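Engineer: Here is what each chain is made of, one letter per residue.
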Amino acid sequence: MTFTPVFKSKIYSIVPLLFCLLLVFYNASAQAPKYTISGTIKDKASGETLIGATVRVAELPGTGAATNEYGNFSLTLPAAAYTLLIDYVGFQQQQQKVNLDKSLKLNISLESQSRQLNEVVVTSSRADQNVRSPQAGVERLDMKEINLLPVLMGERDVLKSVQLMPGIKSVGEGNAGFYVRGGGADQNLILLDDAPVYNASHLLGFFSTFNSDAIKDVTVYKGGMPSEYGGRLSSVLDIKMNDGNNQDYQVSGGIGLIAARLNVEGPIQKDKSSFLISGRRTYADTFLKLSGDDDFRNSSLYFYDLNAKLSYTLSEKDRLFVSGYFGRDKLGFRDEFGIDWGNATGTVRWSHLVSDRLFSNTSFIFSDYNYKIGINTNNNSFEITSRIQDLNLKQEFEFFPNPQNAVKFGANAIYHKVVPGEITVTGESNINPSALQERYSLENAAYISNTWTANERLSLIYGLRLTSFSIFGKGDFYTINENKEVIGTTSYGSGKIVKTYFNLEPRLSGAYQLNETSSMKASYARTSQYLHLLSNSTTTNPTDKWVPSSNNIKPGLADQVSLGYFRNFSDNLYEFSLEGYYKHMQNQIDYKDGANITNSDMVETELLFGKGRAYGVEFFLKKKFGRLNGWIGYTLSRSERLIDGINNNNWYAARQDRTHDVSIVGIYQLSEKWTLSGNWVYNTGNAVTFPAGKYRVDDQVVFYYTERNGYRMPDYHRMDIGATKTLKDTEKYSSELVFSIYNVYGRENAFLINFRENEVDPSRTEAYQIALFKMVPSVSYNFKF
Amino acid sequence: MKLYQMRYLLLLLAAAVLTQLLSACERVIDVDLNAASARYVIEGNITNGDNPGQVKISRTKNFDENNVFEGVSNAVVTVSDNAGNTETLTQQSPGVYAISSLAGVPGRSYHLVVTIGDETFSAVSTMPEPVPFDSLYVEELTTFGEPMWIPYAQYNDPAGVPNFYRYELYINNQKVKSVYISSDQYTDGRLVRRSLPRFGDDEGDIKVGDHILVEMQSIDSAVYNYFYSLEQTIGQNAAAPGNPVSNITGGALGYFSAHTVQRKSTVVE
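As they're listed, the protein sequences go chains A and W.
This note's numbering applies: residue 19 is where the first sequence begins, and numbers increase by one.
This note's numbering applies: residue 1498 is where the second sequence begins, and numbers increase by one.
Worth flagging that the hints you see were computed from the coordinates, not collected in a lab.
All values reported here derive from a predicted model rather than from experimental measurement.
Glycine included, C-beta positions come from ideal geometry on N, C-alpha and C.
Incorrect hints may have been included.
So the derived label-pair ranges between C-beta atoms look like this [stated by the list, open to error]: (1) Asn499(A) - Val1610(W): 25 to 31 Å; (2) Thr1587(W) - Asn499(A): 36 to 42 Å; (3) Ser318(A) - Asn1563(W): 29 to 35 Å; (4) Thr403(A) - Asn1571(W): 54 to 60 Å; (5) Trp669(A) - Val1610(W): 35 to 41 Å; (6) Asn501(A) - Val1610(W): 18 to 24 Å; (7) Gly1604(W) - Asn501(A): 23 to 29 Å.
Restricting the straight-line Cα-Cα distance to at most 20 Å, the calculated cross-link-like pairs of lysine to aspartate or glutamate (EDC-like) are [to be verified]: (8) Lys1672(W) - Glu775(A); (9) Lys1674(W) - Glu658(A); (10) Lys234(A) - Glu87(A); (11) Lys1672(W) - Asp717(A); (12) Lys1674(W) - Asp779(A); (13) Lys642(A) - Glu87(A); (14) Lys1674(W) - Glu163(A); (15) Lys1672(W) - Asp716(A); (16) Lys234(A) - Glu163(A); (17) Lys792(A) - Glu1523(W); (18) Lys802(A) - Asp738(A); (19) Lys390(A) - Glu354(A); (20) Lys1672(W) - Glu777(A); (21) Lys640(A) - Asp160(A); (22) Lys1674(W) - Asp717(A); (23) Lys1674(W) - Asp716(A); (24) Lys610(A) - Glu1523(W); (25) Lys1674(W) - Asp160(A).
Just some of the chain A residues that point at chain W, by a computed CB distance under 8 Å [unchecked claim]: (26) Ala99; (27) Ile449; (28) Val719; (29) Ser781.
Let's have the full structure, built from the sequences with the hints guiding it.
Structural biologist: Listed below in structure tokens is the structure:
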């Protein structure tokens, strides 16, 4: 690791600031002796730790703690006798009397209530968590809820479920990509057990890489991002995999319209260690094999996902997790053309309880995304490969000095390697082996935050994140003039720093309780982004290209403020929120007309830079319990860019600018056996570029463009319905049938609109649209034993 | 074959399979497009061939008008080279200004100036040295059970210098409406067999007995960039659809190309 003197001096200037922050909770009181209750909260049936379970003190209203992402909590109180109330939604409350005259360890197992209560439970946290938590702009999804929603082709998909929340929008028809609060699709940090997933989609974006069988928790931060997260401007989607059942062996799986799934988990040593392995593969290509046509038989079209995890309890104080994900898409035509792409991620985490008030997590994280194109024609055999690879070391501490404060601090260093494209010759070929330049960079961060419960009414999460990014050799770097022409080249030796950027990112989020049932929340966050995704196409491509910030590409910066009103009605049966935000973005990227970003070392010459602004209001009303539950989400928003060189340097609508966005979701428990669900979505069409005229050149009619994103796609709306039939539901064995109809009323939503010469009358031109997925029914069968 | 074309071919293949599976539907729609003020379109060529070249000038039209593009007749067009020769072009037919005396010589730079009213447009293009067009052949390739005839242009790319090529394909004297270009970014100094597949409706497919003519041109890098981006504009799949990158200054659409030409023809058998 190389630190420049500048970096060191910045670090030193930060240290006193961090200490000031720490001092806040050392207003030590020399009163009665204090002791700490710490421990773990688990699901009794599976031994799986519970994230966000609460421990409250009956005698001290407003005092409590919540479990962290590893199920641990710590609560320090004056010596006395207390009654602890332990809650996790969907589980029975447990009450525990303690006589606190010394520090205590409590390992609590909660029992699921799902078998007693004949209703669908849609929330996952304490009933009024949404009002009380100081975290603004956050959505947490429950896997139980996701599993009941209607889906495309029988594939449950967390990324598509996330798109039903206000402020989060789909990239396009059936697409797993999403936009958050007016930011680009590459501005979302998608983490799977802490490892970034660079391309979270399969099959041109129609499915996400997350097999919902293996997933425990999904949290999205749309604003007020906590300081432990960074590296993307718009959002964090933090996905945690199940640890694996350490009580009993369990097999579950299913078969749907296009894919089959199998999940096996169980104890390696009961109570102490567990394994989980979960796989999914599409099987549509097996039908190709049955085809009489050689070409079809020798073609491939499939994807798979494999998740695996091992959890070990090494001692009272130490746990070790090893988790990995491998997924790949493969498309091939005979042995002539082929493209395959996929991610591999790995996380090794050591969770150590330094004391009953100080927890440590050390992670080593690996992530790799690559694609390979193979061409093998009669006179040309070669392969093109491209990859982005991360090695990431992260150390985090959590410290619980007293019930009013919970501190998190840590640091991480990520080494990024980008291989933009390499051609290797695999046989006879008239192509020369060649490679675009590899790029190496180091992204460092140090952060601290404190969750401070000031009093019954006010709570705050405040923190600071310092990031640095260095791009270094070996490689040639270019000097570019204002006309985007290369006027100089500098060669840097291996490890020689080309450019270093620093950013200080304050993060603040707070809640003020107006009364028992309502609160106001506000947040501010600055975020930075050092890796940028360049895409040459209007659809998601596996060949989209990640480029690091450099001497020519400045890191993106965003500042977001939000203000919200949160209120629960009828004893927390209804949840309501209204949240407004404004986001200012710097160093945003767009493309020149006719940009060639595919096979050039000098992509910078094809890019234009400017700023962006996004603002909006999100409205959310949710009914949480009862036979009928669900929500209505509505977002009114705008997202605009001002880029030097586009539209005469005027503000214009970003592609993802959608004025109105509505989602309505309903789940209804019809009977013991049947659960029905439905959702309806509506949004204003994306901003698109359409021609203003036409002309003839090279003996054909060519369209003439005057304005970027000056038009709109037609409004999008769609309704999906689903039904789940429980075939059997016992302790030992359960199975269900899931029926879905995607786009039930067959709306032809425009996937793309193009222009052409009229086929019958070539003297005219016409516009046409292509719609996908006009009413797609599906059925899948799931089992568990 | 250019690499990015391969990628798109594959993605198109995948998309085609998917769309077939999912019964995508296509329909003509009404889109209310704004009218734009007309711009001049200049298409200028000077070659070392029998036909030394011409400059065509027309205007853009609104989308809902017909596809008859009348020539612009009131232009003054001059082409000069860096050897001291200048010619003021005479109008052959409305909007078509022909070169008659100026010779296209490889290695020379040509300067086009077009004046229409009080507007002036200009462009510079250098005619590269020709690369011998060794042979033209047609081969049959079977994809998804459908045989397809593909013409190939074969030549030896000169090593150590950047080369850019453009090809025009004629089937039975009918020009195929596709942009065929290549650069030697990946094939410097190699024997190149450039495939020129004809995409589109089945009726126009190459059959046994068809007369195939290929014109191979050596073009300069600015003209290559124009056709590269023209292909994207025609494809309508770019992240940011826009006008091709023109080498003409002054605000006209189109290009000016000084290039060498070599023709070969064959009959499919």
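Engineer: Against this structure, judge whether each hint is valid.
Structural biologist: Now for the hints, and whether the structure bears them out:
1. Asn499(A) - Val1610(W): 25 to 31 Å: Holds, since Asn499(A) and Val1610(W) (Cβ atoms, about 26 Å apart) stay within the stated range.
2. Thr1587(W) - Asn499(A): 36 to 42 Å: holds (40 Å)
3. Ser318(A) - Asn1563(W): 29 to 35 Å: violated (47 Å)
4. Thr403(A) - Asn1571(W): 54 to 60 Å: holds (56 Å)
5. Trp669(A) - Val1610(W): 35 to 41 Å: Cβ of Trp669(A) to Cβ of Val1610(W): about 37 Å, so the range 35 to 41 Å holds.
6. Asn501(A) - Val1610(W): 18 to 24 Å: With a Cβ separation near 22 Å, Asn501(A) and Val1610(W) satisfy 18 to 24 Å, so the hint holds.
7. Gly1604(W) - Asn501(A): 23 to 29 Å: holds (27 Å)
8. Lys1672(W) - Glu775(A): Within the cut-off at roughly 17 Å; holds.
9. Lys1674(W) - Glu658(A): violated (37 Å)
10. Lys234(A) - Glu87(A): holds (10 Å)
11. Lys1672(W) - Asp717(A): Distance of about 8 Å is within 20 Å: holds.
12. Lys1674(W) - Asp779(A): holds (17 Å)
13. Lys642(A) - Glu87(A): violated (23 Å)
14. Lys1674(W) - Glu163(A): violated (53 Å)
15. Lys1672(W) - Asp716(A): holds (10 Å)
16. Lys234(A) - Glu163(A): holds (12 Å)
17. Lys792(A) - Glu1523(W): Judged against 20 Å, a Cα distance of about 11 Å means the pair holds.
18. Lys802(A) - Asp738(A): violated (26 Å)
19. Lys390(A) - Glu354(A): The hint holds at about 14 Å.
20. Lys1672(W) - Glu777(A): Given pair Lys1672(W), Glu777(A) holds - Cα atoms ~18 Å apart, limit 20 Å.
21. Lys640(A) - Asp160(A): With Cα atoms ~14 Å apart, Lys640(A) and Asp160(A) stay inside 20 Å; holds.
22. Lys1674(W) - Asp717(A): Cα-Cα ~7 Å, so holds.
23. Lys1674(W) - Asp716(A): With Cα atoms ~8 Å apart, Lys1674(W) and Asp716(A) stay inside 20 Å; holds.
24. Lys610(A) - Glu1523(W): violated (30 Å)
25. Lys1674(W) - Asp160(A): Violated, because 54 Å separates the two Cα atoms, which is more than 20 Å.
26. Ala99: Status violated, d = 65 Å.
27. Ile449: Holds, about 5 Å.
28. Val719: holds (6 Å)
29. Ser781: holds (5 Å)
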